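K.L.:
Please work from the sequences and hints to get the whole structure.
Number of protein chains: 2
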Amino acid sequence: MAEGYEQHQRAIVKRLKDRGRYDYGTMHKIIDDTPVLHVSFPPDSDDEFSAMLPMLGCTGSFNPNETPKEQPYVSPGSFPEEDSTPEEDLTSGPRDIYLHGHAASRLFKRPEDERIPVTIAATTMQGIVLSLTPFHNSCNYASAVVMGYASVVTSESERLYALTRITDNLVTGRWDRSRNPPTKAEMTSTGVLRVEVVSASAKVRVGGPSDDRKDLKNEDVVGNVWTGFVPTYTFYGEPVPSSYNKVESVPQYMRSWIENENRKGEQAAADAIAQAKK
Amino acid sequence: MAEGYEQHQRAIVKRLKDRGRYDYGTMHKIIDDTPVLHVSFPPDSDDEFSAMLPMLGCTGSFNPNETPKEQPYVSPGSFPEEDSTPEEDLTSGPRDIYLHGHAASRLFKRPEDERIPVTIAATTMQGIVLSLTPFHNSCNYASAVVMGYASVVTSESERLYALTRITDNLVTGRWDRSRNPPTKAEMTSTGVLRVEVVSASAKVRVGGPSDDRKDLKNEDVVGNVWTGFVPTYTFYGEPVPSSYNKVESVPQYMRSWIENENRKGEQAAADAIAQAKK
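Taken in sequence, the protein lines are chains A and B. Quick note on the UniProt record's numbering: the first sequence kicks off at 1 and runs consecutively. Quick note on the UniProt record's numbering: the second sequence kicks off at 1 and runs consecutively.
Check the hints yourself; a few may be wrong.
Identical chains share a label here; the pair holds if one copy fits it or two copies do between them.
Derived EDC-like pairs: lysine to aspartate or glutamate, alpha-carbon spacing no greater than 20 Å straight-line [stated by the list, open to error]:
1. 214 / 176
2. 109 / 156
3. 264 / 238
4. 214 / 186
5. 246 / 219
If you're looking for bench data, these hints aren't it; they were derived computationally from the structure. Every value quoted in this text rests on a predicted model; they were computed, and no experiment measured them.
P.N.:
This is the structure in structure tokens:
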């Protein structure tokens, strides 16, 4: 079994245990594939409802020795058209989750040393699965739920690492190819949270519909109800320039990123279907 | 202003107030457009992390006088190829949210009269917005966060309504065109929760990138950094039959549903972009 997060009671997949996944690779991939994460935290003392916020974020592993304290201005035109930065290794160990928001939002106004218990959910969908009866319909999906302690990141080099990583996770190669370094005002207005993962679990549903023997023998049902899969994935379309864009053609690193996202999505949907045929 | 949910302090969009939406139509549409919802509830007394579950569900408005107590078996082949059921009206008043899961999962094992405070999040994404500097990058997205009391539905006719609605919300016209009525075993093994909404808010981000005047005047930046939108939406692909499918061609109601989902997604992405040009 691949290495992964501790299986704490609160985070164990109790029903349909074969859908449970705890390995680092699966968990980190689901989170990084989901641009908008849902972040939940316990209610204020005078309320009974957990709070929930949609936030941009991704996994990260900060090494202070590898990240420069400061970045000089480098022309965004001096980087090659095609990005070739190696992808981060998501499988070899635990990672933190970095969340990004406006410094004025309520999560960033907590005291610096406070550790906020948060629960983060991310789900990607690979298809709709249709059976003879509505009760066996399902979705092929991959869902991660991660619990950990969030704290406000104050180190400038770690904040720079997190923001670079969130930007490049959203659009491969974008950080270098846009205006850097950030201004002082930008850094001040941007809040970064680091979530140290305490427990985590993922559920992954793949494969086809399953139906009861009785329905499979019923000719009126089998002869009239279409069963199978409708693949789904997030489609990235043709870029549309802003009113002030001056770069005539869409740069190659963006073309590659879009192609790659669409290929990955299509492939994941197909892989989930392929597992029905084993 | 369109009619909508009460603006409780806990659910008010405090920052970027112009993104806040409270009207019924916006809220219900986001939830119904999201197949997998994230449902959060407060931690058990011995834990500090909110629980979170991915669940299938959608909005609904049950009227006991309109729903038959029992359904007879009707051949799924006797319904027209094209579905023409009118869509439910999402704008005219508050609606409940129905969640569906296996009866053995922890949320359904609560006492019948318990009202569980839950928070439900749904997010759809309409595109990636790219500015000159990473700090102004954004997503066009629509996100709903709803708080309410969940209770287990025991009335058979309400359970039937909820399951019909969840099925048809996932795949338009599917309920009638698959095997019905449910068996006793199916009804027993399926849990349905009704969430009465107490407060709700949505955030909707549309439009283009915005950049600082200083960057807009910097020729090296403007001349080298592509700015604009990459539209995104959930793409529904070509259906793939199951190993036991006997219906030769994909039925028309499914073709219409898939076309409609793709057109809606594409249109929403384009609408979000169009608002930059005003």
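K.L.:
Are the hints correct? Go through all of them and say.
P.N.:
A quick look at each hint next to the structure:
1. 214 / 176: For residue 214 and residue 176, only the inter-copy Cα distance (19 Å) is at most 20 Å; the intra-copy one is 60 Å.
2. 109 / 156: within (17 Å within a copy, 48 Å between copies)
3. 264 / 238: both (17 Å within a copy, 17 Å between copies)
4. 214 / 186: between (64 Å within a copy, 13 Å between copies)
5. 246 / 219: Between. Shortest inter-copy distance 10 Å satisfies the 20 Å Cα cut-off; intra-copy 63 Å does not.
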